[in-house]
Every structure is written in C-alpha cells, then in structure tokens.
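Spelled out, the chains give:
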Amino acid sequence: MAERPQLIKLEDVSKQYDGAEVLSDINLYIRKNEFVTLLGPSGCGKTTTLRIIGGFEHPTTGRVLFDGQDITGLPPYKRRVNTVFQKYALFPHLNVFENIAFGLKVAKRPKDEIKARVEKLLTLVNLKEYGRRSVESLSGGQQQRIAIARALVNEPEVLLLDEPLGALDLKLRQEMQLELKRMQQRLGITFIYVTHDQEEALTMSDIIVVMREGYIQQIGTPKDVYDEPKSAFVANFVGESNIIRGTMLKDFLVSFCGAEFQCVDKGFGRNVPVDVLIRPEDLQVVEEGQGMLKGTVRSVLFKGVHYEMIIDTGEFSFKVHATTMQPEGAGVGLSVIPFNIHIMRPMPVELVEEEEAGE
Amino acid sequence: MISMRFPPWAIGAMILGLAGFAVMVAANVRQNRGVKRSLFAYPYSLWMVVFTIIPLLLIAYYAFTDRSGQFTLENFRTFWDSNHEMNKQLAELGFDPAALGGARGTVNVDTLVYSLWMAFLCTVICLFLGYPAALFMADRQFRLGATLVILFIIPMWMNFLLRTIAWMSLLEDNGLINSILTALGLPRMQLMYNSQAVLLGMVYNYLPFMVFPVYNALSKQDYRLSEAAMDLGASPILTFWRVTMPLSLPGVISGITMVFMPSVTTFFIPRVLGGGNTEMFGDLIERTFLSADNWNVGSALSLIMMVLILMSLTLLRKVDPEGEGGSTI
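So the protein lines, in turn, are chains X and Y. First residue of the first sequence? That's 1 in this note's numbering, and the numbers climb one at a time after it. First residue of the second sequence? That's 360 in this note's numbering, and the numbers climb one at a time after it.
Chain X extracted, bound-state conformation (with noise of 0.2 Å):
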C-alpha cells in the first residue's frame, strides 16, 4: 500500500471525568482515505476517542492534529469532520429531504444547488424516493442511510461512525458492512468507525485499532491484529483462541501441556514465561495415539459450518473447530503445525485474573 500522509493524529491525548481516567496516553495517527476501526469493549474509551476527534469532548491533555493544525479547541462546527451517530440522531421536527439538507442551509447554499446534492445522496443511498417521507415513519435501515446521507452532504474529509450498525439485525448489518466499504472506496474519504464488534472490524478495516479500559492494545492491519495479537486480551477479543500458559526454552522451541513443539518465534530469552495462543482452526483432531497431545472429547456443538469441540488434555481444555465430528468422550490426538502457534508475552497477573472473572 502506498504511503498517504496523516490527516488525523493524537498526541499524548489523555481524558479525564471528574478525576476518572478514561482515555491514557493516546497516541494515534490516521491516514488519508483509511478505513480506521477502533475496536473494543464497552468503556474501553473508543466513543470517548471517537468525540475528541468529532470536538464534543476536550481532552484532559495532549493535542488533536488535523492536517497538521492543532484543532484541540476548534468547536465541532468549525471541524472538516462529520459523524454518524449511534442511535442515527435524525431531527424528528424535519423530513428526509430537510434533514440531509441541514448542513448545506446552514452553510446557506442556493436552493437548487442544495436540492442537487440531496438528491444525488438519495440516490447514493437508495432512497430516491423518501425524500418528503417523515424519518420517523421509516425502517431502522432506512434512517441508517439517512444518517449517513446527513453526514456526508458537507462533503467531509473524515466521516466519523459511532456503532452505526448496533441497532440493525444481523443480515442488515451484513448488507451494510459492504455497503459502507464500497461507499467509502468510491467516495474516498476517511472513515473512523467504532465497533464493539470484531467480526465487523475484520470486515471492513484498513486498520485496526483495540482498545482496552483507555489504553490502545494494538494497532495494525486486520491480518495482523487476528495473526499476531500482541496480548492474550487482543487474541481473545478479536476470534476465539485458546491461550495456554508454557515456557519459552530457546529461540524456536516451546513448552506447554506437558510437551515440547516446534515453533516460529524468537527473542524472548532461555526459560521465559510465556502465552501462547492457538487458533480453534488451527488444531488437527488426529487418531488417538498420533499427534502432539492426548486427550478426551468433553463435548460437541454444530455450529453450522464447523463442529466446535472441546477436547481435555488433563492440563487444558482447547477449543477445536473442525469439519468432521468425533464423538463425546472418545480419545484423539491433537496436532498443531509450528506455523500457527504463536508466543506472546504473557499479561501481568491481575489481569489474567480480571479476564478470568470476566467469563
């Protein structure tokens, strides 16, 4: 991909409310024309980033650069950012039609030209013929469209989409998810999404940005956040996995459950603590008597394309996806290729046991 400059950047962006830390040490930049996920889970601070980029909240400390200008104190109306807002925050007094034109009679354009725009985003998004419809007299989906038709008229730089999909069904928001990448690739403008949903971000990211109780945990492509979590929290949060507390013995060699594998990962040191995550996917169910591990079938679930199992080891209980079935309480052997086990620092304690208490 070819270097585009920054358009958006964070510098030490931190927020505090009534003395409660809710964003640390944000340091973050945005390219033209990417399609920027933060992801996380709920109170992890990706809305409250999502509003200091918007100008409705300030930060505590730190600087927000837009194309190089400090813009921490520029009120949003004075910002080349629009936003689609989580609940759509349609103005119920106004109609379809009056409601994409607010931004252009605010900016007092001519009547025609305004009428010209609204149309063409009516048409963008498929609903050339709502535009005298009152919005609340239409469908989730439809005031969806709406709200982004609404955002996007001032013809903004970035389009920022606070959970724009969380109130539509699941095949709504598959159709969408396309929907809003195609509309964004056309366009060629920035978006900064925010999602609480990995699957979506997977979707539909340029990059990935997870977010944990203020902090940034890992910032990279989509491939890289799924294959190369940074942490346990990354790994868990974006996919499933099963992570397993072993031993780094040397450069390429690895401990856990018992037994010695093969692997791809260096430069942790002799000895070292490590976690190490495997994929679902990633696990062969073998003959019992072959492959790496032991262990027992404690249950099956059919989960549509794959069955999902979960085999003991006596030390550990994976979570296997695979095509073919065994049946409960029978013996397999599990296998793993080096390729697909991969070593992460391990996270410090309390947090394992808050991750813990979370399940």
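These aren't lab readings, by the way, just hints derived from the structure by calculation. These numbers come from a predicted model, not from an experiment. Positions of the beta carbon are idealized from the N, C-alpha and C atoms, including for glycine. It is possible that part of the hints are untrue.
One-sided and incomplete, this derived list gives chain X residues near chain Y with beta-carbon spacing under 10 Å [to be verified]:
| id | residue |
| --- | --- |
| 1 | G54 |
| 2 | Y77 |
| 3 | K78 |
| 4 | R79 |
| 5 | V81 |
| 6 | F85 |
| 7 | H93 |
| 8 | N95 |
| 9 | A107 |
| 10 | V153 |
SDA-like cross-link-like pairs, simulated, lysine to any residue; straight-line CA separation at most 20 Å [claimed, not checked]:
| id | chain 1 | residue 1 | chain 2 | residue 2 |
| --- | --- | --- | --- | --- |
| 11 | X | K105 | Y | S578 |
| 12 | X | K78 | Y | P595 |
| 13 | X | K105 | Y | S585 |
| 14 | X | K87 | Y | S585 |
| 15 | X | K87 | Y | I596 |
| 16 | X | K87 | Y | L584 |
| 17 | X | K105 | Y | K579 |
| 18 | X | K108 | Y | Y582 |
| 19 | X | K108 | Y | S594 |
| 20 | X | K105 | Y | I596 |
| 21 | X | K105 | Y | L606 |
| 22 | Y | K579 | X | F91 |
| 23 | X | K105 | Y | S594 |
| 24 | X | K87 | Y | T603 |
| 25 | X | K108 | Y | K579 |
| 26 | X | K78 | Y | E586 |
| 27 | X | K105 | Y | T603 |
| 28 | X | K78 | Y | L597 |
| 29 | X | K87 | Y | Y582 |
| 30 | X | K115 | Y | R601 |
| 31 | X | K105 | Y | E586 |
| 32 | X | K78 | Y | L606 |
| 33 | X | K78 | Y | Y582 |
| 34 | X | K108 | Y | F599 |
| 35 | X | K108 | Y | I596 |
| 36 | X | K111 | Y | L672 |
Footprint (simulated), chain X over chain Y, 3 or more residues, beta carbon under 8 Å [stated by the list, open to error]:
| id | stretch |
| --- | --- |
| 37 | 484-498 |
| 38 | 584-592 |
Got chain X sorted already, so can you dock chain Y onto it with the hints?
For chain Y alone, kept in the frame of chain X given last:
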C-alpha cells in the same frame, strides 16, 4: 336560603346520581361475587357527576333563565348592552366602567378586555423569563440545574394566597422596599394598588407553570440532536434556533396554556395587590354572584369565559395535536 336557589331538577339529579351510584356498586359486587378493580373507579365518577357535571348544568341553567326561572337571553345582553337595566344596577353598586380608566363599553366588556390584556402580558413575560430559566435547568453542562429546579418548586409548596399576601408586605407603603428606600433617604414609592403590582403578582404566581413544561420538553430532548446540528456546521445560536427551540415548542405551548388560562380568570391577586383600582374578570364574576347577588348574570359571564377558554384550547390543540408537552389541562 341558598338551597332554595337550586331548581328541583338539580336536586333530583343529585339524588338520582347517588342512587345510581349505590345501584352500580351493588351490581358490581354481586356480579363479581366480591370487589373488582373497576369498583374503585366509581367514587371518582361520582365525584365528577356531583362536582363537575351538575355544577356545569346549573351554570347553564342560571345563565339562560331569569330570577323567576323563565327562559331568557337577557343575561347575555348585559354583557354588551351598557344601557341595560342590570348594568345600571351594577353601576350603582360601584361597578363603574369609568373607574377602570377606559369606558369602551359595559363594565363587563371592559373588564374582559383588561383581563385578556393582563393575561397576555403575563404570558409573554412568563415566556421570556421562564424559557431561559428552563434552558439553564435542562443544560447538562450546568451543574446548578438541579438546584434551580428545587428553588422553583419550593415556593409552590405554599398556598398561593399566602404567597400573594407576602408580596403585600414587600410592596406596601410601610413595607420592606419602602423601608429600605426611606433608610437610604430616598422618597417612598407607590408600589401597590396599580396594574403593575397585579401583573407582578400574576407573573410570580404563574411563572412555574411556564418553566416546568418547557423544562420538561427540553430535558427530554436527546442531547445528540444538538450535537448533530453542530457537527453539521451550525453554531450554538443556529443550533438553538433550528433544533433545540423547534423541538421544545410543545412544551412552550403547554406552558402558554397553563399560564394564559388561569391568568384570564385571575381573582384575589387584583384585590390584594391592586386594591380597588383594578378588577379582573374573575373578581367581576365573584362580585356579580356575591355582592350583586345576581346568579343569573354571573352564570352568563362564567359561560362566556368558559367558551373563550375552550376556544383557545381547541386552537392550541391544532398546533400541538399530540399534547407532547405533557399538557394536563
């Protein structure tokens, strides 16, 4: 003596109402072999019949009859015909249009016009004082909002007669304000017994009825709507005019209703703060009933008042069809 004033049919209706109530209760208990929930609605229905419907019928009856009980429209003629005999009688009792400043028609018309004008002023002042107050109270950023709400509620815990009399001790010739003026070596001022004092008393009493419906409408508003407006480039002032204000209109209409309606029929306040110099329609009706002892003309005046109020209500319903401001009238 008063009981003789009630026509036989009204007394009959009351007895019938009571009997009907007893029958309904008995039937309900028997039918359900015990007490059912709808039973608790009966006392309320009885209350409505005895204290609302029958009095209304009585007013209508008196308005359209003379003292001997014969049908007549004379009572309504007194409203606009200044040469009418009854108005002459009223004038002899001190109901002098000239005393009110502008003798445009009969004392009745003058008083009504004066009352409407005062109610209009009161409503406008309440709106301009109350809207900003409600705006502050509903502001999420303004931490004193909750305190302000309480401060507006506390005076309402006291009877409005007491509140009005309290103003006397502030405004009267030897009252607090004049004492301070004298102490400062300034001349005393005539603060009471004029229209301004009456207006002050009205605004003071009715202001909460403007503030709370507006506050209600404003605080219910999703703050994201004004954020969305600002996001789209509207300055705070433009956001107020384009989003916050239009969306609070149901509350404003409700507030106008709740201030204007009782303002027109204000009585007592003019008597206490206005002395004998000003009179509003409510006082006029009261005096026609009690001082002039003319229940027929008094009822006619009440009926005219009622029709006026119903007309304004219908008009407001058209502007706010869903009654969104929480109007309770």
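- Restraint check for K108/X with I596/Y, where alpha carbons must lie at most 20 Å apart: holds (15 Å)
- Task: Verify the coverage statement for the stretch 484-498 of chain Y against chain X, using a C-beta to C-beta distance below 8 Å and requiring 3 or more qualifying residues.
- Result: Violated: only 0 residues of the stretch 484-498 of chain Y have a Cβ under 8 Å from chain X.
- Under the criterion that the straight-line Cα-Cα distance not exceed 20 Å, is the pair K115/X, R601/Y satisfied? Satisfied, since the Cα-Cα distance of roughly 19 Å is no more than 20 Å.
- Message: With the threshold set at 20 Å, check whether the alpha-carbon distance from K78/X to E586/Y stays at or below it.
- Response: Distance of about 13 Å is within 20 Å: holds.
- Is the hinted pair K105/X and I596/Y satisfied, with a Cα-Cα distance of at most 20 Å? holds (14 Å)
- Item | chain X over the stretch 584-592 of chain Y, status - at least 3 residues with CB closer than 8 Å | holds (count 8)
- Query: Is K78/X within 20 Å of L606/Y, Cα to Cα?
  - Reply: violated (24 Å)
- Is the shortest C-beta separation between A107/X and chain Y less than 10 Å? Where the cut-off is 10 Å and the nearest Cβ of chain Y is about 6 Å from A107/X, the hint holds.
- Is the straight-line distance between the alpha-carbon of K87/X and that of Y582/Y 20 Å or less? Within the cut-off at roughly 12 Å; holds.
- At a threshold of 10 Å, is the proposed contact between H93/X and chain Y supported by beta-carbon distances? Holds, because the Cβ-Cβ distance from H93/X to chain Y comes to roughly 5 Å (cut-off 10 Å).
- Query: If you draw a straight line from the CA of K105/X to the CA of L606/Y, is it 20 Å or shorter?
  - Reply: Answer holds: K105/X to L606/Y is near 18 Å, not above 20 Å.
- Any CB of chain Y closer than 10 Å to the CB of F85/X? holds (5 Å)
Hint check: violations occur at hints 8, 11, 15, 17, 18, 25, 32, 36, 37; the rest are consistent with the structure.
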